[in-house]
Amino acid sequence: MLAQQLLNGFVVGGVYALFALGFTLVFGIQRVLNLAHGAIFMSGAFIAYYTVAAGGPLWLGLALAVIGSGLISVLVEIVCFRRLRRSGDEEFGGIISSIGASLVIMTIAQRISDTQVLRFPFETFPVIIWRFWGLRVSALQLFMLALALALVVVLGWFIYRTAFGRQVRAVTQNERAAMLMGINPVRIHMQTFFLSGALAGAAGVLVGLAFSSIRYTMGEPFLMYGFVIIILGGLGSIPGALLASFLFGMGQTMLTAYMPSAISGLNEAFIFAALFLLLLFRPHGLMGREAAGALRGRR
Amino acid sequence: MLAVEALALRYAGIRALRGVSLSVAEGETVALIGPNGAGKSSLLNAISGIVRPAAGRIRFDGRDITALPPWEIARMGLIQVPEGRQVFAEMTVLENLLTGRTALAGRAEIFSLDDVFAMFPILRERAGQLAGSLSGGQQQMLAIARGLMGAPRLLLLDEPSLGLAPLIVAQVFRALAGLKARGLTILLVEQNARQALAASDRALVLEQGRIVHHGPSAELARDPDVIAHYLGQGDTGAMTQQGGG
Chain A
1 MLAQQLLNGF VVGGVYALFA LGFTLVFGIQ RVLNLAHGAI FMSGAFIAYY
51 TVAAGGPLWL GLALAVIGSG LISVLVEIVC FRRLRRSGDE EFGGIISSIG
101 ASLVIMTIAQ RISDTQVLRF PFETFPVIIW RFWGLRVSAL QLFMLALALA
151 LVVVLGWFIY RTAFGRQVRA VTQNERAAML MGINPVRIHM QTFFLSGALA
201 GAAGVLVGLA FSSIRYTMGE PFLMYGFVII ILGGLGSIPG ALLASFLFGM
251 GQTMLTAYMP SAISGLNEAF IFAALFLLLL FRPHGLMGRE AAGALRGRR
Chain B
1001 MLAVEALALR YAGIRALRGV SLSVAEGETV ALIGPNGAGK SSLLNAISGI
1051 VRPAAGRIRF DGRDITALPP WEIARMGLIQ VPEGRQVFAE MTVLENLLTG
1101 RTALAGRAEI FSLDDVFAMF PILRERAGQL AGSLSGGQQQ MLAIARGLMG
1151 APRLLLLDEP SLGLAPLIVA QVFRALAGLK ARGLTILLVE QNARQALAAS
1201 DRALVLEQGR IVHHGPSAEL ARDPDVIAHY LGQGDTGAMT QQGGG
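As given, the protein sequences belong to chains A and B, one line each in that order. Residue numbering for the first sequence follows this note's numbering, beginning at 1 and increasing consecutively. Residue numbering for the second sequence follows this note's numbering, beginning at 1001 and increasing consecutively.
Isolated chain B, as found in the complex:
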């Protein structure tokens, strides 16, 4: 469904991506993990058309989207839920969700308003409130729900657990498991490697703009190198799993 070929990206003179290739097939959840500054967000932003790659090609459903503007990419159903939520703070929760429908652009909806309210009941309760008044966790749920309103065929999620309390992180990942169960294709970028590996079918490890490991998530979770670098010291993943059950 998504094919990224030999993507290179420079950011203010720094080589953020150095020939990254990856693919995502319909129905799978692929996790992209790696340390801060490895180029994970740069990769998602290149796929979404926010930044232009220096070299390489991005194909979605066989169509070359490398040079398309971000709004056209979103309208094809390749929708990113950006890092740090980025909800429209001075609009109500409902208005945020309705704005998400812009990406439909004539395509049929996949998730209705009732669907996302069923998934995140708190959003129904807060529908009339300004998005800026929500807690961080609620804003993350709103950001995901807003993305779903645009009928994503592939959902790009950038650090959905960033800055959230462990209990809330577990809640967000439960929601992702629900989306996966409904057959949604997901490309997930996470620093929280343990959670990301648990939630995905396949995973890639990005370091300094290169993919250094890849394979089925369950295998990567047993890889001594990955364990040493990403699952080693007491990261919050273990705690969350206890907290969230």
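Bound conformation, chain A alone:
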């Protein structure tokens, strides 16, 4: 039973990682929270759903969701952040304008879906269940885990092993010096937002498949979880967000499994209380550094 719950939690953690990595990537580079990230995640689920509903195969839906969410994210960057960055008011102004973008995207989704809860048709993803060592694993779970891990590995390789990744990190650490080295930060910001949105879109599709409830508000709890995860991991830290995602996914699954049902409504209260306690002892999160806060001077 415990092993089964840990496994389930690990799968959920992988999806959280997809969501939170993009969130922390943008925070790391912009020093600003993109509060439209939940809506972008939701748009991924919507794009995949409507592709499948129109008769397309799931893989096409997934591909379109990844690309489409990435492009929506780029649009958010251009509309919500770029101008504010130019006027030097991105920290607070960006939070407000990304809330606005979030509302716009959600309203459009609400209109399209007529405020209905959407479900992928039965067996969009084949229902196959394996049992071994007393554990129950579905093909969907394996697919979720494999896709999440693959995307995380690809992202890590991009950021830490390629010239593009070096440029992203250079802009994150010192935008002015990066410009003097010939790096165009405008392009880096756009590419980072694309990656961030694409990962969120993939997470949206996986959540849509796993919980078969696609709603225009489905991004909101994820935005909240995303907060917990990137604060827990240390703001702007990619390894931290990864670790925190799996801890959070497993912790949440455990709470759901073992808490008496009479107080199951308090699960989130427990999670936030645990975060609060941890921050008392580690104010910068599990892997954060003092300097990585939003208040650090950027120039």
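The hints are simulated quantities; they were obtained by calculation from the structure and are not laboratory data. Computed from a predicted structure; not experimentally measured. Keep in mind that a hint or two might mislead.
Stated by the list, open to error - Facing chain A, according to a computed beta carbon distance under 10 Å, are these residues of chain B, among others:
id	residue
1	1082
2	1085
3	1090
4	1091
5	1095
6	1096
7	1098
8	1100
9	1143
10	1146
11	1147
12	1149
What the hints assert, rightly or not - Computed spacing ranges between beta-carbons, pair by pair:
id	chain 1	residue 1	chain 2	residue 2	range
13	B	1021	A	86	27 to 33 Å
14	A	224	B	1006	53 to 59 Å
15	B	1118	A	86	39 to 45 Å
16	B	1121	A	277	46 to 52 Å
17	A	153	B	1181	44 to 50 Å
18	B	1115	A	128	58 to 64 Å
19	A	107	B	1072	55 to 61 Å
20	B	1133	A	104	42 to 48 Å
21	A	157	B	1218	51 to 57 Å
22	A	163	B	1036	36 to 42 Å
23	A	278	B	1008	52 to 58 Å
24	A	264	B	1072	54 to 60 Å
25	A	279	B	1118	44 to 50 Å
26	B	1037	A	273	49 to 55 Å
Claimed, not checked - If you only want the chain A side, here are some residues facing chain B, beta carbon under 8 Å, derived:
id	residue
27	166
28	167
29	169
30	170
31	173
32	176
33	177
34	179
35	181
36	184
Note that CB positions come from ideal geometry on N, CA and C, so glycine has one too.
Assemble the complex: chain A is given as a structure, and chain B must be docked to it using the hints.
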């Protein structure tokens, strides 16, 4: 190679530059000296495209670069090593150097990784360490080396001796002498006037946003006015020359 014409710059309402003109020819080292707040860094930042001048024109190789963004200017080979080093602290020394190559943008390299390691052996030893863990002097060497990786045709150096111990200052200036010997064109901004005059062919003195003296460095070093204002009291230059040999 570089021609700055009647450049004017306002910074938060203050007139940081009031009609500055200067030129740098291929192969020469030009020093820009003057007191703190004279506008030296503002001038370099205007040349690099970081700040926009209110009036005037900047030409590099005959091309007007006044309105170009900083990254395009860097990619033309007009590369600034910024004041206060500004290395990428959370990247390794090697990653900092490789990032410097972004400015190549298809141009052939002038200094290879081996060249800069030969110039600054400490960087080879520390290649895998985070740049933020280096000492101030090592970070300055890294900042210069990172600039060299971008194949500069004109290197702008902003206060390379700032905040460094005299012995390290001498080391940095020895490295600059080596670059000059290799034919690199350099525009050097320094408060340490004695060192800057010793290291350059020509010099300009900037005061309150205006050029008040200019001429061959050796002549300026003998100019009574310059001596009185910039070389007079025991600045660290004399000490460094003894320390560094």
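Now for the hints, and whether the structure bears them out:
Taking 10 Å as the C-beta cut-off, the interface hint given for residue 1082 of chain B holds, the closest approach to chain A being about 6 Å. Below 10 Å, beta-carbon pairs count as interface contacts, and residue 1085 of chain B has one with chain A at about 9 Å; its hint therefore holds. Checking residue 1090 of chain B against chain A by beta carbon gives a least distance of about 6 Å; that is within 10 Å, so the hint holds. A hinted interface residue such as residue 1091 of chain B counts as satisfied when its beta carbon comes closer than 10 Å to some beta carbon of chain A; here the least separation is about 6 Å, so the hint holds.
With a cut of 10 Å, the hint placing residue 1095 of chain B at the interface with chain A holds, because the nearest CB-to-CB distance is about 6 Å. Annotation: residue 1096 of chain B was flagged as interfacial toward chain A, and the flag holds, the nearest CB pair being 8 Å apart, inside 10 Å. For residue 1098 of chain B, the suggested interface contact is upheld, since its CB lies about 6 Å from the closest CB of chain A, less than 10 Å. With 10 Å as the threshold, the beta carbon of residue 1100 of chain B comes within range of chain A, its nearest partner Cβ sitting at about 5 Å, so the hint holds.
Of the supplied interface hints, the one on residue 1143 of chain B holds, with its beta-carbon coming within about 8 Å of a beta-carbon of chain A, less than 10 Å. A hinted interface residue such as residue 1146 of chain B counts as satisfied when its beta carbon comes closer than 10 Å to some beta carbon of chain A; here the least separation is about 7 Å, so the hint holds. A least Cβ separation of about 8 Å between residue 1147 of chain B and chain A falls short of the 10 Å threshold, and the interface hint therefore holds. Contact between residue 1149 of chain B and chain A, as hinted, is supported at the beta carbon level, the nearest pair being about 9 Å apart and thus within 10 Å.
With their beta carbons about 30 Å apart, residue 1021 of chain B and residue 86 of chain A fall inside the hinted range of 27 to 33 Å. At roughly 57 Å, the beta carbons of residue 224 of chain A and residue 1006 of chain B sit within the given window of 53 to 59 Å. For the pair residue 1118 of chain B and residue 86 of chain A, the supplied restraint of 39 to 45 Å holds, since their beta-carbon distance comes to about 42 Å. Distance hint check for residue 1121 of chain B and residue 277 of chain A: the Cβ-Cβ separation is about 49 Å, which falls inside the suggested range of 46 to 52 Å.
The beta-carbon spacing between residue 153 of chain A and residue 1181 of chain B, approximately 47 Å, falls within the hinted interval of 44 to 50 Å. For residue 1115 of chain B paired with residue 128 of chain A, a C-beta distance near 59 Å keeps the hint of 58 to 64 Å intact. Taken as a hint, the range 55 to 61 Å is violated for the pair residue 107 of chain A and residue 1072 of chain B, whose Cβ atoms sit roughly 40 Å apart. For residue 1133 of chain B and residue 104 of chain A, the hinted distance range of 42 to 48 Å is satisfied, since their beta carbons lie about 45 Å from each other.
Under the hint 51 to 57 Å, the C-beta atoms of residue 157 of chain A and residue 1218 of chain B, about 55 Å apart, fit the expected range. Look at residue 163 of chain A against residue 1036 of chain B: about 38 Å separates their beta carbons, and that is inside 36 to 42 Å. Look at residue 278 of chain A against residue 1008 of chain B: about 54 Å separates their beta carbons, and that is inside 52 to 58 Å. Between residue 264 of chain A and residue 1072 of chain B the beta carbon distance is about 58 Å. The supplied range of 54 to 60 Å therefore holds.
Taken as a hint, the range 44 to 50 Å holds for the pair residue 279 of chain A and residue 1118 of chain B, whose Cβ atoms sit roughly 48 Å apart. Checked against the hint of 49 to 55 Å, the C-beta distance between residue 1037 of chain B and residue 273 of chain A comes to roughly 53 Å, which is consistent with it. A hinted interface residue such as residue 166 of chain A counts as satisfied when its beta carbon comes closer than 8 Å to some beta carbon of chain B; here the least separation is about 5 Å, so the hint holds. Of the supplied interface hints, the one on residue 167 of chain A holds, with its beta-carbon coming within about 6 Å of a beta-carbon of chain B, less than 8 Å.
With 8 Å as the threshold, the beta carbon of residue 169 of chain A comes within range of chain B, its nearest partner Cβ sitting at about 6 Å, so the hint holds. The restraint placing residue 170 of chain A at the interface with chain B holds, with a minimum CB-CB distance near 5 Å, inside the 8 Å limit. Restraint check, residue 173 of chain A versus chain B: the minimum CB separation of about 5 Å is within 8 Å; hint holds. Interface hint status for residue 176 of chain A: upheld, as the beta-carbon distance to the closest one in chain B is roughly 7 Å, under 8 Å.
Using the Cβ-Cβ criterion of 8 Å, the hint placing residue 177 of chain A at the interface with chain B is satisfied: the shortest such distance is roughly 4 Å. Taking 8 Å as the C-beta contact cut-off toward chain B, the hint placing residue 179 of chain A at the interface holds, the least distance being around 4 Å. Proximity of residue 181 of chain A to chain B holds as hinted, the smallest CB-CB distance being about 5 Å (cut-off 8 Å). Given the 8 Å rule on beta carbons, the hint for residue 184 of chain A holds: about 5 Å separates it from the nearest Cβ of chain B.
Violated hint for the displayed structure: number 19, the only one.
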